[in-house]
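Student: Line order of the protein sequences matches chains A and B.
Per my numbering, the first sequence runs over residues -18 to 510.
Per my numbering, the second sequence runs over residues 88 to 627.
Think of the hints as simulated: they come from the structure by calculation, not from any bench.
One or more hints might be untrue.
In the DSBU-like style, the derived pairs of lysine-lysine whose C-alpha atoms are separated by at most 35 Å in a straight line are [said to hold, decoys possible]:
(1) Lys492/B / Lys464/A
(2) Lys580/B / Lys249/B
(3) Lys246/B / Lys464/A
(4) Lys625/B / Lys456/A
(5) Lys464/A / Lys197/B
(6) Lys625/B / Lys464/A
(7) Lys197/B / Lys248/B
(8) Lys383/A / Lys580/B
(9) Lys393/A / Lys177/A
(10) Lys210/A / Lys325/A
(11) Lys393/A / Lys492/B
(12) Lys325/A / Lys248/B
(13) Lys248/B / Lys383/A
(14) Lys165/B / Lys325/A
(15) Lys197/B / Lys327/A
(16) Lys492/B / Lys327/A
(17) Lys470/A / Lys492/B
What you are looking at is a predicted structure, and each value in this text was computed from that prediction instead of being measured.
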Amino acid sequence: MFRRNACFASILKERRLINKRLLDVHRKNKITMFDNDFIALLPEMFLINATILLLIYGVVYSTVHKVFEPLVRNVAWLGFSSILITLILLRGSPLTTANLCYNNLIIDNFTYFFKVGLLLSTACIILMSLQYFQQEALTAFESIVLMLMSTCSMLLMISAYDLIAMYLAIELQSLSFYVIAASKRNSEFSTEAGLKYFILGAFSSGILLFGCSMIYGFTGVTNLEELAKIFTAPYVLRPLSDSVMLNSADASWSGVFMGILFIAVGFLFKITAVPFHMWAPDVYEGSPTYVTAFFSIAPKIAIFANMLRVFIYSFYDPTWQQLFVFCSIASMVLGAFAALSQNKVKRLLAYSSIGHVGYLLIGFSCGTIEGIQSLLIGLFIYVLMTINIFAIVLALRKNRFKYISDLGALAKTNPILAITISITMFSYAGIPPLAGFCSKFYLFFAALGCGAYLLAFIGILTSVISCFYYIRFVKIMYFDTPKTWILYKPMDREKSILLGITLLGITFFFLNPSPLFLVTHQMALSLCI
Amino acid sequence: LPKRQSGVTFRKACELAFKRSIPPFFEPLGAKPFFLKNKEYVSMLQNINPFYSSLSLSALILFPLLGGLFVSFITESKIRTIRIVGLCTSFITFLYSLFFWLEFDNSTPKFQFVETIQWLPYSNINFVLGLDGISLFFVILTTFLVPICLLVGWSSIQKSKKEYIIAFLVLESLMIAVFCMLDLLLFYVFFESVLIPMFIIIGVWGSRQRKIQAAYQFFLYTLFGSLFMLLAILLIFFQTGTTDLQILLTTEFSERRQILLWIAFFASFAVKVPMVPVHIWLPEAHVEAPTAGSVILAGILLKLGTYGFLRFSIPMFPEATLYFTPFIYTLSVIAIIYTSLTTIRQIDLKKIIAYSSVAHMNFVTIGMFSLNMQGIEGSILLMLSHGLVSSALFLCVGALYDRHKTRLVRYYGGLAQTMPIFSVIFLFFTLANMSLPGTSSFIGEFLILVGAFQRNTLIATLAALGMILGAAYSLWLYNRVVFGNFQPNFINKFSDLNRREVFIFLPFILGVIWMGVYPEVFLESMHTSVSNLIQHGKFY
Chain A
-18 MFRRNACFAS
-8 ILKERRLINK
2 RLLDVHRKNK
12 ITMFDNDFIA
22 LLPEMFLINA
32 TILLLIYGVV
42 YSTVHKVFEP
52 LVRNVAWLGF
62 SSILITLILL
72 RGSPLTTANL
82 CYNNLIIDNF
92 TYFFKVGLLL
102 STACIILMSL
112 QYFQQEALTA
122 FESIVLMLMS
132 TCSMLLMISA
142 YDLIAMYLAI
152 ELQSLSFYVI
162 AASKRNSEFS
172 TEAGLKYFIL
182 GAFSSGILLF
192 GCSMIYGFTG
202 VTNLEELAKI
212 FTAPYVLRPL
222 SDSVMLNSAD
232 ASWSGVFMGI
242 LFIAVGFLFK
252 ITAVPFHMWA
262 PDVYEGSPTY
272 VTAFFSIAPK
282 IAIFANMLRV
292 FIYSFYDPTW
302 QQLFVFCSIA
312 SMVLGAFAAL
322 SQNKVKRLLA
332 YSSIGHVGYL
342 LIGFSCGTIE
352 GIQSLLIGLF
362 IYVLMTINIF
372 AIVLALRKNR
382 FKYISDLGAL
392 AKTNPILAIT
402 ISITMFSYAG
412 IPPLAGFCSK
422 FYLFFAALGC
432 GAYLLAFIGI
442 LTSVISCFYY
452 IRFVKIMYFD
462 TPKTWILYKP
472 MDREKSILLG
482 ITLLGITFFF
492 LNPSPLFLVT
502 HQMALSLCI
Chain B
88 LPKRQSGVTF
98 RKACELAFKR
108 SIPPFFEPLG
118 AKPFFLKNKE
128 YVSMLQNINP
138 FYSSLSLSAL
148 ILFPLLGGLF
158 VSFITESKIR
168 TIRIVGLCTS
178 FITFLYSLFF
188 WLEFDNSTPK
198 FQFVETIQWL
208 PYSNINFVLG
218 LDGISLFFVI
228 LTTFLVPICL
238 LVGWSSIQKS
248 KKEYIIAFLV
258 LESLMIAVFC
268 MLDLLLFYVF
278 FESVLIPMFI
288 IIGVWGSRQR
298 KIQAAYQFFL
308 YTLFGSLFML
318 LAILLIFFQT
328 GTTDLQILLT
338 TEFSERRQIL
348 LWIAFFASFA
358 VKVPMVPVHI
368 WLPEAHVEAP
378 TAGSVILAGI
388 LLKLGTYGFL
398 RFSIPMFPEA
408 TLYFTPFIYT
418 LSVIAIIYTS
428 LTTIRQIDLK
438 KIIAYSSVAH
448 MNFVTIGMFS
458 LNMQGIEGSI
468 LLMLSHGLVS
478 SALFLCVGAL
488 YDRHKTRLVR
498 YYGGLAQTMP
508 IFSVIFLFFT
518 LANMSLPGTS
528 SFIGEFLILV
538 GAFQRNTLIA
548 TLAALGMILG
558 AAYSLWLYNR
568 VVFGNFQPNF
578 INKFSDLNRR
588 EVFIFLPFIL
598 GVIWMGVYPE
608 VFLESMHTSV
618 SNLIQHGKFY
């Protein structure tokens, strides 16, 4: 330990030198370091302030006037517009690549596109939840504020460059999530979901933190860049240096390995990969539908960004790969088989999202540039399809759309919506020429490229099996004679626009996929190089 | 090789006729407009006539799709307009596809009308469209059958009439795209996307409750097979860095890799053909699909498998093809004899024709894997002929089903007395189905037997046995349905075919006789491409 610390001391000295040089440069330009941080973090800061202001606004307004119901919509619109402003600020940010706050945060192409994706999907979810508040007479404007709060923390998560910054961001996000899961106070299911999520989430956060502290204990650093140096060293530097770096035969190596393992488990829990998925179906089913939509989209984006940064960039090492291969296979298989027997829509979607996480993990466990790129493409298309299907689930309300069999008469009562569902389901199943196929094809390509034949093979088997339940939607709508005729209320304009855009995206993505491929390639490159 | 003549003369005749029809426009200016030189005159002709030489495959693919889009904006209540628009679209597509045949150059094995549209330039995957002697007739068969399908559903389709038209138009453009596509990955994309409209056609317009099972079987069997092909394509892409067929044909894979890839492709195509252990979906899907669905299934979708063998497996993996030839022979012979015997004891009219389709398609695979001129050309011809004959037989069954709402053979009998026109047409196609000389099937099966005999006498003999069995079930079926006692207990109202139905059958009859009497018109376009295929794989 002593020797290693000596080594780190040398690294630290080097860093101090660099910082000093940087400071000199800044002094010459008459800019202090904080200025740059301020400019670069303007979007995040704006969103945090807007969230706090919205909270104050909500509290004051709801106690002064006794108008509850319009208030939620009001706050939602304000939240929506503040997210759009954040997006504009992000777009207009003069800095594209920088390490901020003493190397605690980073911005580059990778974080930029992830942040744009996250903000857009949050905006979509706020849009689709507008009508829900009205119909359910839900008065909780706090849920919108909490959604914004968790979005802020997810923005920070995406750009986290230090284990501590990462943990803090994840915690803020999780805390907001526990509350919104239980935001429908008069529903037992919602409370149950919140409680379950809270207990298991706290447990997994603990494991994550434990992993971080183990890494810190055995290496003495928490910064991802320093970690990256240390983890590259055993392979690159060993012949040159006299083995002060980590050595896989060393006893401390197993400690570091355990740390990585714990961190991985913490992350896998948050993205609902099997075998850490137990909470997901209950939480997804119990929470209010718009919260389910939020849970199955936004945290996946942020956590995948964070995972890529931590595992591909820092812990660049094949030891963790087997764990992800296992989780990927397990998620695909469980997602395919468990969804077969589900009758409730939200539960089925939960299992389908578990399955999709399995597919995304194929790209993750490859670890190559193609793998990362395929993961990003898969993630984008998954988000597109999930926004679409949840907008539909929210739109179909008599009192609620709970069972799949409720769709029976939809093809007669609302043919366009029925076609939309069928196209989305075919896309989920990965039938060409829809968008879902493009993501699967590239994932399998990446798997074959890095020699993970088993992953590709099992992915193909499970995607055939999962076809059964995706096609079941089509079957129920078109082929069966409906047992019940349910007339749904018409949906609002926001959702129909959202549905139109996502449906066009899913159907015609095939015609011009190259922009997405180029963007994801750029992201993957900026992560790897 | 016999020299081709008539195509060129026909084309020249067309050009001449067209040129003659133009001058009246310019009559005031003299026979030829004074301000145009001879060359410019021709190019102007090309501009006036869209079909003159600027034939574009992408336009052929897009046209039905646009028609479908247009139809989707007309309200359901104007059903007559919808039908006419749909029919016109498909009919114009058919005419347009005929111009490709006219313009087709028989003397080159290269792909013609090649178009490249950038798709993923960064990964080197592009839309590459093109036709050669092998794919040309499948495109024409497709465009020929779709108007027929729309006509068949003219009055018999009662629910979701608009969607019926749209589904068939979308299906048409997807199928044309499959046959034109020269890029492996995009071939796969269209090969699979055919599933969606077909699944919906079986499920929505099928007749009984069992249709759901049939649609599921159709969908999942095909999907399961073809996902392995996807893996193989990705492997090829990974190894060579391209999926362009024209480049891949110049690539040679190691023998072991070829065998692996061949098996993966086989898994997909064998389901479509269908070869024996995976043929279960076919009788189900045929029986439950609406008449037009059966026509498309038998006429085109079954050909996708054999076309795939011919286009991809045989030229890209020649050594693996030779390695697996005995395997294919065995499976095909088992299929021919087994399904022929099965056909004899079926009692459902559609199932009988479906099983006989399996037998014929396995005849095709034998011919294809005999890997000589006669065998392969015979197999293409038999595919075309089967596309006409079995489609027409399904139409016959559909005509009966529309009237009496049953497909069970035992309820029918003595139709010769009550439906004379139908009986004659049904007799014609029954005879064509058992490949009577003078009909198209005879040419195909004869050529296949000639080809197979050169390779393996035993296989040829066993396959010929299938022809005898075919005669047995065809004639027996005809006997039971048309002759025998009139059965007033079951069926007491009769009406013969109406004018629309007779007009539907006429082109089929003409086609069958044309191909049976003078097949050279079709064969001459194939000669160069097929001999190139054989040369390429060094099969001689």
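Student: For every hint, state whether the structure bears it out.
Tutor: Do the hints match the structure? See the list:
For the suggested pair Lys492/B and Lys464/A, the alpha carbons sit about 25 Å apart, so the restraint of at most 35 Å is met. The hinted pair formed by Lys580/B and Lys249/B meets the criterion: a straight-line CA distance of about 30 Å does not exceed 35 Å. Proximity of Lys246/B to Lys464/A is assessed by CA-CA distance (about 18 Å); at most 35 Å being required, the pair is judged to hold. With a C-alpha separation of about 48 Å, the suggested pairing of Lys625/B with Lys456/A is violated against the 35 Å cut-off.
Distance hint between Lys464/A and Lys197/B is unfulfilled; the C-alpha atoms sit about 57 Å from each other, more than 35 Å. Proposed proximity of Lys625/B and Lys464/A is contradicted: the alpha carbons are some 62 Å apart, above 35 Å. This hinted pair does not check out: Lys197/B and Lys248/B have alpha carbons roughly 42 Å apart, beyond 35 Å. A threshold of 35 Å between alpha carbons decides the hint, and for Lys383/A with Lys580/B the separation of about 49 Å lies outside it, so the pair is violated.
A distance of roughly 40 Å separates the Cα atoms of Lys393/A and Lys177/A; the hinted pair therefore is violated under the 35 Å criterion. Between the alpha carbons of Lys210/A and Lys325/A the distance comes to roughly 48 Å, so the proposed pair goes past 35 Å and is violated. Between Lys393/A and Lys492/B the alpha-carbon distance is near 25 Å, which keeps this suggested pair within the 35 Å criterion. For the given pair, Lys325/A sits about 32 Å from Lys248/B by alpha-carbon distance, which is consistent with the 35 Å threshold.
Only pairs whose Cα atoms come within 35 Å are accepted, and Lys248/B paired with Lys383/A is accepted, the gap being roughly 31 Å. Pair hint Lys165/B plus Lys325/A does not hold up; C-alpha atoms about 39 Å apart against a cutoff of 35 Å. With a C-alpha separation of about 54 Å, the suggested pairing of Lys197/B with Lys327/A is violated against the 35 Å cut-off. With a CA separation close to 42 Å, the supplied pair Lys492/B and Lys327/A exceeds the 35 Å bound.
Under the criterion of a C-alpha separation no larger than 35 Å, the hint pairing Lys470/A with Lys492/B is inconsistent with the structure, at around 39 Å.
Hint compliance for this structure: hints 4, 5, 6, 7, 8, 9, 10, 14, 15, 16, 17 are not met, and every other hint is.
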